Amino acid sequence: MTTTDNGVNVQALLDAREALKGAPEAAQFTWRATSTWKNGVHSTTTIQNFFGLGQEQSHKTKTEFTADHPEIFAAEDNGITPIEYLLVGLAGCLTAGVASVAQNRGIQLRSVTSTVEGNHDIRGILGADSDVRNGFNDVKVTFTIDADASREEIEALVAQSQKRSAVYDALTNPTSVTVEVA
Amino acid sequence: MSQRVTTVVIGAGHAGLAASHFLSERSIDHIVLERGRIANTWRRERWDSLRLLTPNWLNRLPGHAYGGPDPDGYMTAGQVADFIGDYATVTAAPVRENTTVTSVRRTDGGYQVCTDEGDLDCVTVVIASGACNAPVVPECAAGVPDGITQLTPFEYRNPGSLPDGGVLVVGASATGVQLAAEVRRSGRPVVLSVGEHVRLPRTYRGRDVLWWMDATGVWAQSYDEIEDLARARRLPSPQLVGEPGTTIDLNALTGLGVEPVGRLAVIRDGAALFSGGLRNVCSLADLKMRRLLAGFDEWAGIGDGPAGFEPTRIPAAPRLRLDLRGGEIATIIWATGFRPDYRWLDVPVVDEKGRLRHDGGVVDSPGLYALGLPVLRRRRSTLLHGIEDDARFVARHLAERLTPRVVA
Ligand SMILES: Cc1cc2nc3c(=O)[nH]c(=O)nc-3n(C[C@H](O)[C@H](O)[C@H](O)COP(=O)(O)OP(=O)(O)OC[C@H]3O[C@@H](n4cnc5c(N)ncnc54)[C@H](O)[C@@H]3O)c2cc1C
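From first to last, the protein sequence lines are chains P and R. Note that the numbering used here numbers the first sequence so that position 83 is 83, with each residue one more than the last. Heads up, the numbering used here is the position in the second sequence plus 182, with the first residue counted as 1.
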């Protein structure tokens, strides 16, 4: 049997799962972003530090994200629309899941691409129709996967990656959100 | 052969009868058609414990005020039906009961009104058929598992008629908070799903809060002065109950043991999922209430600021998911609002949301009028005492329309 290498250290993940079973406190993470308004609907958000495994942690580098709106929204288009970041998050999370599950199942991936489409009726955010919600009406993800596996196995990979996806869960299930003025 | 009459009024609730009063005053020959009995909705479409939100002294109809012994009390539905029935008698309103309008269409000279008791030809029509003909139930109700009893406020009568077990009340406006409280008092566990709502105390600085609404002129505000009229017309009813001195806001309900959860978002795989935004809709309601009360103070020249109102208390972690298959919930009450029913109206004046297109009661078709709709001409339009100005205006507009014909 040839060894599968999708670049995911599954053993480390499995070890972490075992270790955290007995240490739920260490499993409590807080992800953090800091945002600053620039001008108009343009803002930047930086991410570097987070909390986990009982202590402050840090990414190797600080990442800065720019959010704005396209010119058809009478904005300057310095960056993508905030709701598009949800698509980035979902794609990143599901793809990571596909790679990890494939690794764990011994399936060698050659390519994984996906398109994520969020259908959005903007009458909601414009207040033009109170029956229209503000968020996406629905989201569609289409994967194209080339791997040493049958179609059924690939479909099972994609299904399992949704089952263990943080972003998929955050989008499909309600989350309590508190917004305060400091 | 159609009967001929100048004006047909559809509906013998207080709105239709007020229209009749002003039409009689102008000697305009008319008939009021009512599918049931006078004040039908108060006899058939209200739960047992319902009392008006407005105190008795405020419930005046044109030329007819409350004359009973308890001006600060609140009428039961039966008493409202009697009050409106008496009004029909003293005004000698030409009501034809048990006559259902099945269609209204335009003719060369005006309108043809068809009923299950024969047809009428008329020049003008006043639609006073009510704003609350059917309960609104969200689409996600389709996902409710079998075995759960589902009731609308039209079907609900009292807690005794519910099966044993927990109750999910969806909607926290006047209907939802009242039903949640009485069902909870019957000993059943109650979960209340709360979306945007209007919080009000029953009394403020020793007076009924609706006294303040009336005295300060908030309710008198005209529809053409309201910045966001569409929003004003959709405003949910306030969290009030017709019980002297009793405030029925969410703090009162959690005090009774009702569990608040967020707005019902969806029912998936037999579980109800609630929005995580409960805290925000409560903060908004708190802010708006304080702003309203501060406005009362300003009007009254009181400077010390609205005191004594705790912010709405929210559980630390409101439940986001409720399994409807697990046996915890036996009944769902949909207190999610009401809508009018214009299926009989064959004139293209109903918008895509099922609402009548009108400008202050003047419908977008010559000779067609409406009364009794939210913020028709003023904020108080749907309330009993709000009908007077609206009905007087509509009768005058209608009379002016008829005049050239009389002259010709
Ligand atoms: C649950 C509930 C509680 C309320 N509580 C209060 C309150 O406390 N205080 C307050 O001021 N307001 C209250 N309202 C609002 C409002 O005052 C009432 O809805 C009131 O009944 C409206 O009066 P109306 O005359 O406009 O319409 P309705 O009373 O609804 O009268 C319309 C009449 O038209 C008849 N009709 C309808 N269609 C046809 C047809 N096709 N042919 C013939 N007849 C027809 C109906 O049978 C009915 O009798 C409440 C409403 C509801 C639903």
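These are calculated hints, taken from the structure and not from any lab test. Predicted model only: the values in this text are computed from it and were never measured. There could be a bad hint or two in this list.
As the list claims (entries may be wrong) - Listed next, with one range per pair, are the computed distances between beta-carbon atoms: (1) R:R503 to P:I83: 22 to 28 angstroms; (2) P:A96 to R:G437: 45 to 51 angstroms; (3) R:C322 to P:F65: 32 to 38 angstroms; (4) R:P530 to P:E153: 53 to 59 angstroms; (5) P:K62 to R:L438: 48 to 54 angstroms; (6) R:P320 to P:W31: 29 to 35 angstroms; (7) P:I83 to R:T284: 33 to 39 angstroms; (8) R:Q332 to P:E56: 46 to 52 angstroms; (9) P:S130 to R:Q403: 41 to 47 angstroms; (10) P:T34 to R:A498: 24 to 30 angstroms.
Said to hold, decoys possible - Partner residues are not named here, just some residues of chain P that face chain R (Cβ under 10 angstroms, in silico): (11) E76; (12) N78; (13) V177; (14) T178.
Where is the CB? At the ideal position from N, CA and C, for every residue including glycine.
Broken hints, by number
Per hint list: 7, 9, 11 and 12 violated.
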